[in-house]
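Visitor: One-letter residues, chain by chain:
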Amino acid sequence: MSFNLLKIWRNEKSREIIVQIIVLIIFGWFISWLVGNVSGNFEKLGKDLSFEFLFIPAGYDINQYLISYNNRDSHLRAAVVGLLNTGLVAFFGIIIATIFGLFLGVLRLSKNWLANRIAYWYVEFTRNVPILLHILLWHGIIINTLPHPKQAIDILDVSYLTNRGFYIPKPIAEAGIELFYLFTIIAIIFAILFNKFSKKRQENTGKQLPVFWINLMVIILFPFIALLLNNFPISFSIPELKGFNFRGGLHLSPELIALTFALAIYTAAFIAEIVRAGILAIHKGQREAAESIGLKPDKVMNLVILPQARRVIIPPLTSQYLNLTKNSSLAIAIGYMDLVATLGGISLNQTGREMETMVLVLLIYLCISLSISSLMNWYNYRVKLVDR
Amino acid sequence: MVFDKKNYAPGTHPDLPPPPGTVGVVGWLKNNLFSSLSNSILTLLSLYLLYLLIEGGLSWFVVDAVVNANDKPGCRKIGDGACWAVIVKRFDQFIYGFYPLAERWRIDTSFFLLFIAAAPLLYPDIKFRKSMLIFSCLYPFIAFILIKGGVFNLLTIETNLFGGAMLTVIIGVTSIACSLPLGILLALGRQSRLKLVKLLSVCFIEFMRGVPLITLLFVASTMLNYFLPPGTNFNLLIRVIIMMTFFSAAYIAEVIRGGIQAIPKGQYEAADAIGLTYWQTTRFITLPQALKISIPGIVNTFIGLYKDTTLVVIIGLLDPLGIGRAALADTKWNGLSTETYLFVAVIFFISCFAMSRYSLWLEKKLSTDHN
Numbered sequence: 001m002s003f004n005l006l007k008i009w010r011n012e013k014s015r016e017i018i019v020q021i022i023v024l025i026i027f028g029w030f031i032s033w034l035v036g037n038v039s040g041n042f043e044k045l046g047k048d049l050s051f052e053f054l055f056i057p058a059g060y061d062i063n064q065y066l067i068s069y070n071n072r073d074s075h076l077r078a079a080v081v082g083l084l085n086t087g088l089v090a091f092f093g094i095i096i097a098t099i100f101g102l103f104l105g106v107l108r109l110s111k112n113w114l115a116n117r118i119a120y121w122y123v124e125f126t127r128n129v130p131i132l133l134h135i136l137l138w139h140g141i142i143i144n145t146l147p148h149p150k151q152a153i154d155i156l157d158v159s160y161l162t163n164r165g166f167y168i169p170k171p172i173a174e175a176g177i178e179l180f181y182l183f184t185i186i187a188i189i190f191a192i193l194f195n196k197f198s199k200k201r202q203e204n205t206g207k208q209l210p211v212f213w214i215n216l217m218v219i220i221l222f223p224f225i226a227l228l229l230n231n232f233p234i235s236f237s238i239p240e241l242k243g244f245n246f247r248g249g250l251h252l253s254p255e256l257i258a259l260t261f262a263l264a265i266y267t268a269a270f271i272a273e274i275v276r277a278g279i280l281a282i283h284k285g286q287r288e289a290a291e292s293i294g295l296k297p298d299k300v301m302n303l304v305i306l307p308q309a310r311r312v313i314i315p316p317l318t319s320q321y322l323n324l325t326k327n328s329s330l331a332i333a334i335g336y337m338d339l340v341a342t343l344g345g346i347s348l349n350q351t352g353r354e355m356e357t358m359v360l361v362l363l364i365y366l367c368i369s370l371s372i373s374s375l376m377n378w379y380n381y382r383v384k385l386v387d388r
Numbered sequence: 389m390v391f392d393k394k395n396y397a398p399g400t401h402p403d404l405p406p407p408p409g410t411v412g413v414v415g416w417l418k419n420n421l422f423s424s425l426s427n428s429i430l431t432l433l434s435l436y437l438l439y440l441l442i443e444g445g446l447s448w449f450v451v452d453a454v455v456n457a458n459d460k461p462g463c464r465k466i467g468d469g470a471c472w473a474v475i476v477k478r479f480d481q482f483i484y485g486f487y488p489l490a491e492r493w494r495i496d497t498s499f500f501l502l503f504i505a506a507a508p509l510l511y512p513d514i515k516f517r518k519s520m521l522i523f524s525c526l527y528p529f530i531a532f533i534l535i536k537g538g539v540f541n542l543l544t545i546e547t548n549l550f551g552g553a554m555l556t557v558i559i560g561v562t563s564i565a566c567s568l569p570l571g572i573l574l575a576l577g578r579q580s581r582l583k584l585v586k587l588l589s590v591c592f593i594e595f596m597r598g599v600p601l602i603t604l605l606f607v608a609s610t611m612l613n614y615f616l617p618p619g620t621n622f623n624l625l626i627r628v629i630i631m632m633t634f635f636s637a638a639y640i641a642e643v644i645r646g647g648i649q650a651i652p653k654g655q656y657e658a659a660d661a662i663g664l665t666y667w668q669t670t671r672f673i674t675l676p677q678a679l680k681i682s683i684p685g686i687v688n689t690f691i692g693l694y695k696d697t698t699l700v701v702i703i704g705l706l707d708p709l710g711i712g713r714a715a716l717a718d719t720k721w722n723g724l725s726t727e728t729y730l731f732v733a734v735i736f737f738i739s740c741f742a743m744s745r746y747s748l749w750l751e752k753k754l755s756t757d758h759n
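Those protein sequences? They're chains B and E, same order as listed.
For what it's worth, this note's numbering labels the leading residue of the first sequence as 1, then goes sequentially.
For what it's worth, this note's numbering labels the leading residue of the second sequence as 389, then goes sequentially.
If you're looking for bench data, these hints aren't it; they were derived computationally from the structure.
These numbers come from a predicted model, not from an experiment.
C-beta: ideal position from N, C-alpha, C; glycine also.
The reader is advised that the hints may include incorrect statements.
[Stated by the list, open to error] Subject to a maximum C-alpha distance of 16 angstroms in a straight line, what follows is the list of computed EDC-like cross-link-like pairs (lysine to aspartate or glutamate):
1. K583(E) / E12(B)
2. K299(B) / E203(B)
3. K586(E) / E642(E)
4. K753(E) / D513(E)
5. K586(E) / E16(B)
6. K583(E) / E16(B)
7. K536(E) / E546(E)
8. K47(B) / E356(B)
9. K242(B) / D157(B)
[As the list claims (entries may be wrong)] Here chain E is said to cover these stretches of chain B; the calculated rule only asks that three of the stretch's residues, wherever they fall, bring their Cβ under 8 angstroms from a Cβ of chain E:
10. 19-32
11. 123-129
12. 335-349
13. 352-358
Using the sequences and the hints given, assemble the complete structure.
Guide: Structural data, given as structure tokens:
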């Protein structure tokens, strides 16, 4: 008997099955222990698991919303408003971070010693300080050092910086704006198609077109022509000082600005290092070979270095975007109403449903992360170099 | 150019000096700052930026700054630069939190001992490494007894008095120490041939990496009690440390997995060929190589974890940031956020920068490449 058992244990296949069964039993026991605890605790507190609270009026105000919202709307709508606010910060944060990060990355690669050192110390100082501190610092600077609306910092008489936020002109669409939208879409589609066409042409004939400049012209000119045709169907609402505060225009709250700006400059420091590492990762023989066949410096960069560096840069870049989105949850520290502050904050406190609200918040973030990382895996698979 | 008129036999001509302007200060300036027109413009712009920074920064930070005052109006009477008085007055709190004054030597001692305990781990070729490692293993218990008290006539200190930089170090060091072994196990689990083990590891890692840390801390502070037997109630600090450990273990697992995958297949084939078991292969082949490759990534994760300890302020623990916010809530110092946050930022910068330098040093030391 014992001989047989030993034989089973020594067989690799059967041993694997035994170990997995043991793991399954332990895991099952652990889960049932957790479930038992939860149900015991719920019974003791007289609670039940129910998501009906999502449909009762939230009863709290949100100072910034992209879709209409008032305090008689449901908790569900409040959560959606919060999610959209998260999206807003993430969207602008990512754009600013990318532009600034690329700029810093180029400076870090520059042969100019002074610019290089300034970029280096900027990157080191920014990324070695916690993001929460960045957010609080910028929020504090706006609230505590900018002037009151009465002495607002005036930019060209149309925009004002105050300690209650920034006021900028707000474009208002009037009749005839549809043509503008249509032309913009057409210009973008043209740009994409033209890009494809010229790539194919280059592969077939080796001839290159100034794609970037032509596309830029088209994207600026087309919508402009549309505006011209309909006699500029856009007016601007200019902020004006009325009493103690500004009226009209677009109000950007200090929380929104501080959060977007802090997330952007923090992430930019990481992006700069990613860009630098990506370009340095290309073997120097590639550059030398490109130069020796007589390519000009910008061609070396665009045709040889960047296409290869892109493969190295994009995966960590996406994870930085994901980090930025996740870090936007720190909004709660300055009172910006994002998903965590609405559903996981005030809704949680008002309904007392910790379990349900937190599970929803976790699931939503998990969905965002998993969908982005599966996109990433697909991209990696597509651009992967084939090896053994 | 100086041309020698003398005739030399081939190969005997002395070396000419390098052309003027290519060496020395002038040459350096020419090569590094003014090599082309665009480069010169960049240099001038950088110089202007530096001038603005130094001119504005120096007067605010140093010249007009006030160190001695009792409140913000007091500061403003003396100078209109930074009011560092808020830091000076509360410096003790920034370091020790609300730890009783008479007992602070215990914090100092454990902090000092931390360096002795960490030395053999951080410097591979220190003298008496073996015997020092024994102390490193004992250190967690010594530190716990020293800081928390309760035995040997030491006063018990409640954890809600913990705060300041000391709290950051406690949370940081404990989570780091616990998350490395857990991270290694998770990484091995993810690479395991056992489907079930692999599935569980992947789920755990992806969940932890997919959600923001702050939501996990909320889970720790609001929801964790539901999952424990009814009636248990344990310390918030411990709950936070557990969550931080899980969180960074997931990230470390991914870093180490990268290291494991970077090991050439031949290594495993060789290990199999000489008949090593799975655990022998792991112990002698996989981990030594994988860990070495992943050191920079691991240290980066640690730096991230250390920075993330500031998040505990949102669920009500008083790390340096929390102490700073408490100071700002005081009407005496209301509105001095820039000074306070900059001070905390500098504390974090120094420690994180030191860690990243250490990682670079270790990377160089362990490198066995031929260049």
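Visitor: For this structure, which hints from the list above don't hold up?
Guide: none
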